[in-house]
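Protein sequences, first through last, are from chains A and B.
Each residue of the first sequence is one higher than the one before, counting from 1 in this note's numbering.
Each residue of the second sequence is one higher than the one before, counting from 414 in this note's numbering.
Hints should not be assumed to be uniformly reliable.
To be verified - Distance condition first, Cα-Cα at most 20 Å in a straight line; then the derived PhoX-like pairs of lysine-lysine:
id, chain 1, residue 1, chain 2, residue 2
1, B, K735, B, K605
2, B, K418, A, K236
3, A, K71, B, K476
4, A, K27, B, K418
5, A, K71, B, K735
6, A, K71, B, K484
7, B, K737, B, K699
8, A, K27, A, K200
9, B, K813, B, K440
10, B, K564, B, K440
11, A, K71, A, K10
12, A, K63, B, K484
13, B, K737, B, K822
14, B, K735, B, K805
15, A, K286, B, K418
16, B, K826, B, K735
17, B, K826, B, K733
18, A, K324, A, K236
19, B, K602, B, K684
20, A, K27, B, K440
21, B, K779, B, K735
22, A, K322, B, K440
23, B, K805, B, K733
24, B, K813, B, K800
25, A, K205, A, K192
26, A, K226, B, K564
27, B, K800, B, K784
28, A, K27, A, K205
29, A, K226, A, K320
30, B, K569, B, K605
31, B, K568, B, K684
32, A, K10, B, K484
33, A, K205, A, K189
34, A, K200, A, K217
35, A, K5, B, K733
36, A, K168, A, K236
37, A, K320, A, K366
38, B, K649, A, K336
39, B, K440, A, K336
The hints are simulated quantities; they were obtained by calculation from the structure and are not laboratory data.
2 protein chains.
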Amino acid sequence: MNNNKPQTLKGFRDFLPETMTVRNYVKNLFIETFENFGFEPLETPTLEYASTLMGKYGDEGEKLVYMFDDKGGRRVGLRYDLTVPTAKVLAMYPEIPIPFKRYQLQNVWRADNTQKGRYREILQCDIDTFGTSSPVADAEIIAVIYTALKKLDFKKFSIRINSRTVLKNILLQSGITNNQNSTLQSLDKFQKIGEDGVRKELKEKDFSQLQIDSLFKYVKVAKPDKNLAAVFTAIKSFNLPDWCYAFDPTMVRGLDYYTGTIFETYVEEPKIGSITGGGRYDTLIKTLGGPDIPAVGTTLGLDRIVDCIIELNLLPKLAKTKVKIMVGNFGPETEKESLELTSLLRQNNIATIFYPDADKIGKQFKYASIKNIPFVALIGSDEAINKVVTLKDMTTGEQKTLTQNEIVKSMLK
Amino acid sequence: MNNNKPQTLKGFRDFLPETMTVRNYVKNLFIETFENFGFEPLETPTLEYASTLMGKYGDEGEKLVYMFDDKGGRRVGLRYDLTVPTAKVLAMYPEIPIPFKRYQLQNVWRADNTQKGRYREILQCDIDTFGTSSPVADAEIIAVIYTALKKLDFKKFSIRINSRTVLKNILLQSGITNNQNSTLQSLDKFQKIGEDGVRKELKEKDFSQLQIDSLFKYVKVAKPDKNLAAVFTAIKSFNLPDWCYAFDPTMVRGLDYYTGTIFETYVEEPKIGSITGGGRYDTLIKTLGGPDIPAVGTTLGLDRIVDCIIELNLLPKLAKTKVKIMVGNFGPETEKESLELTSLLRQNNIATIFYPDADKIGKQFKYASIKNIPFVALIGSDEAINKVVTLKDMTTGEQKTLTQNEIVKSMLK
Numbered sequence: 001m002n003n004n005k006p007q008t009l010k011g012f013r014d015f016l017p018e019t020m021t022v023r024n025y026v027k028n029l030f031i032e033t034f035e036n037f038g039f040e041p042l043e044t045p046t047l048e049y050a051s052t053l054m055g056k057y058g059d060e061g062e063k064l065v066y067m068f069d070d071k072g073g074r075r076v077g078l079r080y081d082l083t084v085p086t087a088k089v090l091a092m093y094p095e096i097p098i099p100f101k102r103y104q105l106q107n108v109w110r111a112d113n114t115q116k117g118r119y120r121e122i123l124q125c126d127i128d129t130f131g132t133s134s135p136v137a138d139a140e141i142i143a144v145i146y147t148a149l150k151k152l153d154f155k156k157f158s159i160r161i162n163s164r165t166v167l168k169n170i171l172l173q174s175g176i177t178n179n180q181n182s183t184l185q186s187l188d189k190f191q192k193i194g195e196d197g198v199r200k201e202l203k204e205k206d207f208s209q210l211q212i213d214s215l216f217k218y219v220k221v222a223k224p225d226k227n228l229a230a231v232f233t234a235i236k237s238f239n240l241p242d243w244c245y246a247f248d249p250t251m252v253r254g255l256d257y258y259t260g261t262i263f264e265t266y267v268e269e270p271k272i273g274s275i276t277g278g279g280r281y282d283t284l285i286k287t288l289g290g291p292d293i294p295a296v297g298t299t300l301g302l303d304r305i306v307d308c309i310i311e312l313n314l315l316p317k318l319a320k321t322k323v324k325i326m327v328g329n330f331g332p333e334t335e336k337e338s339l340e341l342t343s344l345l346r347q348n349n350i351a352t353i354f355y356p357d358a359d360k361i362g363k364q365f366k367y368a369s370i371k372n373i374p375f376v377a378l379i380g381s382d383e384a385i386n387k388v389v390t391l392k393d394m395t396t397g398e399q400k401t402l403t404q405n406e407i408v409k410s411m412l413k
Numbered sequence: 414m415n416n417n418k419p420q421t422l423k424g425f426r427d428f429l430p431e432t433m434t435v436r437n438y439v440k441n442l443f444i445e446t447f448e449n450f451g452f453e454p455l456e457t458p459t460l461e462y463a464s465t466l467m468g469k470y471g472d473e474g475e476k477l478v479y480m481f482d483d484k485g486g487r488r489v490g491l492r493y494d495l496t497v498p499t500a501k502v503l504a505m506y507p508e509i510p511i512p513f514k515r516y517q518l519q520n521v522w523r524a525d526n527t528q529k530g531r532y533r534e535i536l537q538c539d540i541d542t543f544g545t546s547s548p549v550a551d552a553e554i555i556a557v558i559y560t561a562l563k564k565l566d567f568k569k570f571s572i573r574i575n576s577r578t579v580l581k582n583i584l585l586q587s588g589i590t591n592n593q594n595s596t597l598q599s600l601d602k603f604q605k606i607g608e609d610g611v612r613k614e615l616k617e618k619d620f621s622q623l624q625i626d627s628l629f630k631y632v633k634v635a636k637p638d639k640n641l642a643a644v645f646t647a648i649k650s651f652n653l654p655d656w657c658y659a660f661d662p663t664m665v666r667g668l669d670y671y672t673g674t675i676f677e678t679y680v681e682e683p684k685i686g687s688i689t690g691g692g693r694y695d696t697l698i699k700t701l702g703g704p705d706i707p708a709v710g711t712t713l714g715l716d717r718i719v720d721c722i723i724e725l726n727l728l729p730k731l732a733k734t735k736v737k738i739m740v741g742n743f744g745p746e747t748e749k750e751s752l753e754l755t756s757l758l759r760q761n762n763i764a765t766i767f768y769p770d771a772d773k774i775g776k777q778f779k780y781a782s783i784k785n786i787p788f789v790a791l792i793g794s795d796e797a798i799n800k801v802v803t804l805k806d807m808t809t810g811e812q813k814t815l816t817q818n819e820i821v822k823s824m825l826k
């Protein structure tokens with residue numbers, strides 16, 4: 001019927017069970033943390049009117065939106081981020097109680113050039129608080145990041161915190177009134193290319209030596225302003241340890257819609273860049289067609305975080321499968337007993353596979369082994385007569401004879 | 414920047430937190446059940462090559478696929494179901510151990526005409542076992558359906574079971590050799606329009622009186638054949654009670670790719686039709702470009718099931734929000750104490766909102782009330798001095814004075 005060799009589109013991924021197990025572990029831990037902090041779930045459609053998406057991401061961004069005409073002739077596009085759809089929701093449903101704390105874990109699509117670690121379909125994980133200017137809301141987002149990474153067993157990370165108003169003040173003090181964005185773009189490379197690199201780049205951009213010297217003078221003495229100081233106070237009240245966060249007056253972030261606090265999380269090992277990024281954006285929701293309400297939030301980079309925990313071996317106790325035991329198959333004579341054992345295990349919430357065919361026992365063991373199932377239970381005719389079960393530990397190879405209830409007990413341990 | 418009134422595309426839905434809470438409850442219960450039965454998660458891309466999707470759904474189906482040219486000029490389409498992508502996965506990754514038991518909860522898209530209860534973006538919930546012909550695998554799918562519906566507290570439902578081979582045999586005995594599909598299409602309406610209705614329709618289709626009489630004669634004496642009998646035996650071994658399933662020789666199912674056992678679940682209240690549907694399809698995976706392996710599975714209709722449990726009031730204990738308590742805000746003087754209480758509650762896994770602004774206390778109570786948050790904790794200056802907290806039960810209006818630790822204890826009850 002179809003002779004094409006099937007293939008997955010470039011930049012898209014199939015997630016087989018073993019990968020899904022790791023991704024679901026991280027996702028569920030995120031959700032648990034978000035809900036603990038009072039964030040609530042939101043989901044919005046995959047497709048939106050082009051008019052909802054266009055004029056929101058800048059010329060460069062807009063080129064990357066998957067856009068097409070649907071069968072009704074409507075110009076539609078695939079969700080490009082989670083902020084624009086939320087602005088739409090806030091505009092459409094004025095009955096939503098404010099402040100609105102929502103988390104959203106949904107895919108976004110970018111018609112980007114593919115390269116290593118860059119995909120066209122990405123699971124985006126966002127938390128945002130809409131409708132409050134309180135510095136506590138900023139601190140709370142940072143507390144969520146800390147809590148989630150701790151739960152994931154990260155030992156070392158650094159949440160760098162700065163503020164757009166602090167940066168503005170540095171520019172003002174340095175006497176840089178033109179090309180402010182260009183200055184900040186260079187300053188943002190401080191972590192990557194160092195002070196010398198930034199100085200060189202600014203010189204090439206025709207800034208005067210006086211301006212450049214002045215910039216670094218004020219960067220070095222910069223302190224959190226009143227609002228950012230209040231954020232730091234709240235972070236302390238949330239009991240975050242000192243080692244995990246720091247004021248970083250060189251941190252700028254690429255997107256220019258932030259109005260206040262900005263923050264990013266870095267890990268040094270592996271060299272993967274930032275794993276979270278966010279900040280306060282008090283004018284964006286109105287700009288996007290929503291109500292005039294302030295907002296603060298962050299994205300957590302699921303793909304990078306998954307890469308980190310695999311590379312840092314932070315999954316020591318996470319089994320490759322949730323299946324705890326396989327019940328083998330000796331054919332019709334003992335099928336009834338085998339299925340009863342299967343049911344008994346499942347009734348006790350022990351994830352169980354019944355091997356459906358009476359294949360050679362070696363093939364059945366091989367299947368359990370490839371699938372990393374830790375135990376195999378067997379009921380042959382001898383076992384059926386004696387009302388017992390042979391239990392094989394697939395890790396040690398050890399075999400035991402137990403009753404059905406003893407099997408359940410040993411699995412629940 | 415954008416003056417269009419934002420709107421959601423017809424046939425697409427925004428899911429606000431209260432709706433998401435119900436949907437997530439059902440989804441998580443499905444996943445828990447699937448994993449208990451040894452099914453493992455799979456996810457595939459939203460977009461596939463048109464060649465992967467085309468020629469798979471028949472002319473009618475293909476008209477409903479969202480299809481477009483991407484920026485690289487590739488003809489691509491949005492996922493239309495979860496079976497075709499799985500066939501692709503089985504073809505692409507021959508290393509997947511067989512039998513392969515996977516569950517898949519992902520959206521599918523249909524460029525359908527919209528009408529009540531019919532959407533263009535649907536969350537599809539599928540379980541399937543690939544690579545075994547064992548009747549136990551068929552029975553196991555039925556056992557999953559029973560277990561999931563029981564966990565959802567459904568009191569009455571009927572899993573109707575039939576087989577394509579039983580139907581073929583009825584046709585053979587009735588002497589109907591031509592227009593077999595047309596006959597079955599009419600027979601499938603038996604539950605809706607009764608024997609008289611089906612007889613009338615067949616007459617209009619020019620079947621002879623002898624053929625029609627003969628059809629009903631053999632339908633009435635039909636019994637499960639050997640394979641279907643083995644399915645019923647396995648269902649019994651899985652301990653399903655008699656009331657929830659039945660042999661129904663008039664049940665056909667619309668799609669014509671089934672080769673063996675077929676099953677659907679009906680509820681009489683509310684009148685919503687079938688809430689699950691599936692069966693055995695032993696040749697389809699090869700037809701779709703995958704390996705030549707048998708398969709059996711079902712779809713669970715999340716939208717209809719959610720509608721049912723809301724209508725049948727099966728969510729008595731499901732809170733409208735996971736937030737257990739809100740900590741109110743009396744301003745900067747007691748912010749530290751309030752945030753410490755917030756942190757303490759969260760450390761004890763109690764989902765907590767800190768109200769971020771020092772608004773009038775009436776406004777804060779109103780917020781908690783609209784959001785269905787059951788308790789509000791308040792630390793004013795008196796409470797801060799005395800190291801206590803005022804706890805208000807939002808249901809009864811009752812107020813108590815407690816220590817921070819007593820608040821935690823009372824929330825954990």
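Okay, the hints, checked on the actual structure:
Our distance criterion of 20 Å between C-alpha atoms is broken by B/K735 and B/K605, whose separation comes to about 41 Å. For the hint linking B/K418 to A/K236, the alpha-carbon distance of about 42 Å lies beyond 20 Å, and the restraint is violated. Between A/K71 and B/K476 the CA atoms are separated by roughly 9 Å; this keeps the pair inside 20 Å, and the hint holds. Of the pairs offered as hints, the one joining A/K27 and B/K418 is violated, with about 34 Å between alpha carbons and a cut-off of 20 Å exceeded.
Between A/K71 and B/K735, the direct Cα distance comes to roughly 40 Å. Violation of the 20 Å bound is thereby established for this hinted pair. Taken as a hint, the A/K71 and B/K484 pair is honoured in the structure, with Cα atoms around 19 Å apart against an allowance of 20 Å. Of the pairs offered as hints, the one joining B/K737 and B/K699 is violated, with about 51 Å between alpha carbons and a cut-off of 20 Å exceeded. Between A/K27 and A/K200 the alpha-carbon distance is near 42 Å, which puts this suggested pair outside the 20 Å criterion.
Taken as a hint, the B/K813 and B/K440 pair is broken in the structure, with Cα atoms around 38 Å apart against an allowance of 20 Å. Of the supplied pair hints, the one linking B/K564 and B/K440 holds, its CA atoms being roughly 12 Å apart against a limit of 20 Å. Annotation: proposed proximity of A/K71 to A/K10 is violated, straight-line Cα distance about 26 Å (limit 20 Å). Simply put, A/K63 and B/K484 have alpha-carbon atoms about 9 Å apart, close enough for the 20 Å limit, and the pair holds.
Between B/K737 and B/K822 the alpha-carbon distance is near 13 Å, which keeps this suggested pair within the 20 Å criterion. About 18 Å separates the Cα atoms of B/K735 and B/K805, which keeps this hinted pair within 20 Å; it holds. For the proposed pair A/K286 and B/K418, the alpha carbon gap of about 12 Å is at most 20 Å, so the pair holds. A hinted pair counts as satisfied when its Cα atoms are at most 20 Å apart, and B/K826 with B/K735 qualifies at roughly 15 Å.
Under the criterion of a C-alpha separation no larger than 20 Å, the hint pairing B/K826 with B/K733 is consistent with the structure, at around 19 Å. With a C-alpha separation of about 42 Å, the suggested pair A/K324 and A/K236 falls outside the 20 Å cut-off, and the hint is violated. Between B/K602 and B/K684 the alpha-carbon distance is near 16 Å, which keeps this suggested pair within the 20 Å criterion. Distance restraint check for A/K27 and B/K440: the Cα-Cα separation of roughly 14 Å lies within the 20 Å cut-off, and the hinted pair is therefore satisfied.
For the hint linking B/K779 to B/K735, the alpha-carbon distance of about 18 Å falls within 20 Å, and the restraint holds. With a C-alpha separation of about 17 Å, the suggested pair A/K322 and B/K440 falls inside the 20 Å cut-off, and the hint holds. Of the supplied pair hints, the one linking B/K805 and B/K733 holds, its CA atoms being roughly 19 Å apart against a limit of 20 Å. For the hint linking B/K813 to B/K800, the alpha-carbon distance of about 14 Å falls within 20 Å, and the restraint holds.
Distance check on the hinted pair: A/K205 and A/K192 sit about 18 Å apart at the alpha-carbon level, within 20 Å; holds. The hinted pair formed by A/K226 and B/K564 fails the criterion: a straight-line CA distance of about 53 Å is larger than 20 Å. Straight-line distance between C-alpha atoms of B/K800 and B/K784 comes to about 28 Å, which puts the hinted pair past the 20 Å bound. Pair hint A/K27 plus A/K205 does not hold up; C-alpha atoms about 43 Å apart against a cutoff of 20 Å.
Between the alpha carbons of A/K226 and A/K320 the distance comes to roughly 49 Å, so the proposed pair goes past 20 Å and is violated. Simply put, B/K569 and B/K605 have alpha-carbon atoms about 19 Å apart, close enough for the 20 Å limit, and the pair holds. Between B/K568 and B/K684 the CA atoms are separated by roughly 15 Å; this keeps the pair inside 20 Å, and the hint holds. Under the criterion of a C-alpha separation no larger than 20 Å, the hint pairing A/K10 with B/K484 is consistent with the structure, at around 12 Å.
At most 20 Å may separate the alpha-carbon atoms for a hinted pair to count; A/K205 and A/K189 meet this at roughly 14 Å. Restraint check for A/K200 and A/K217: satisfied, since their Cα atoms lie roughly 16 Å apart, inside the 20 Å limit. Restraint check for A/K5 and B/K733: not satisfied, since their Cα atoms lie roughly 48 Å apart, outside the 20 Å limit. Simply put, A/K168 and A/K236 have alpha-carbon atoms about 25 Å apart, too far for the 20 Å limit, and the pair is violated.
Between A/K320 and A/K366, the direct Cα distance comes to roughly 16 Å. Compliance with the 20 Å bound is thereby established for this hinted pair. With a C-alpha separation of about 9 Å, the suggested pairing of B/K649 with A/K336 holds against the 20 Å cut-off. In summary, the hint linking B/K440 to A/K336 is not supported, as the alpha carbons are separated by about 31 Å, beyond the 20 Å threshold.
In summary, the structure is inconsistent with hints 1, 2, 4, 5, 7, 8, 9, 11, 18, 26, 27, 28, 29, 35, 36, 39 from the numbered list given earlier, while agreeing with the others.
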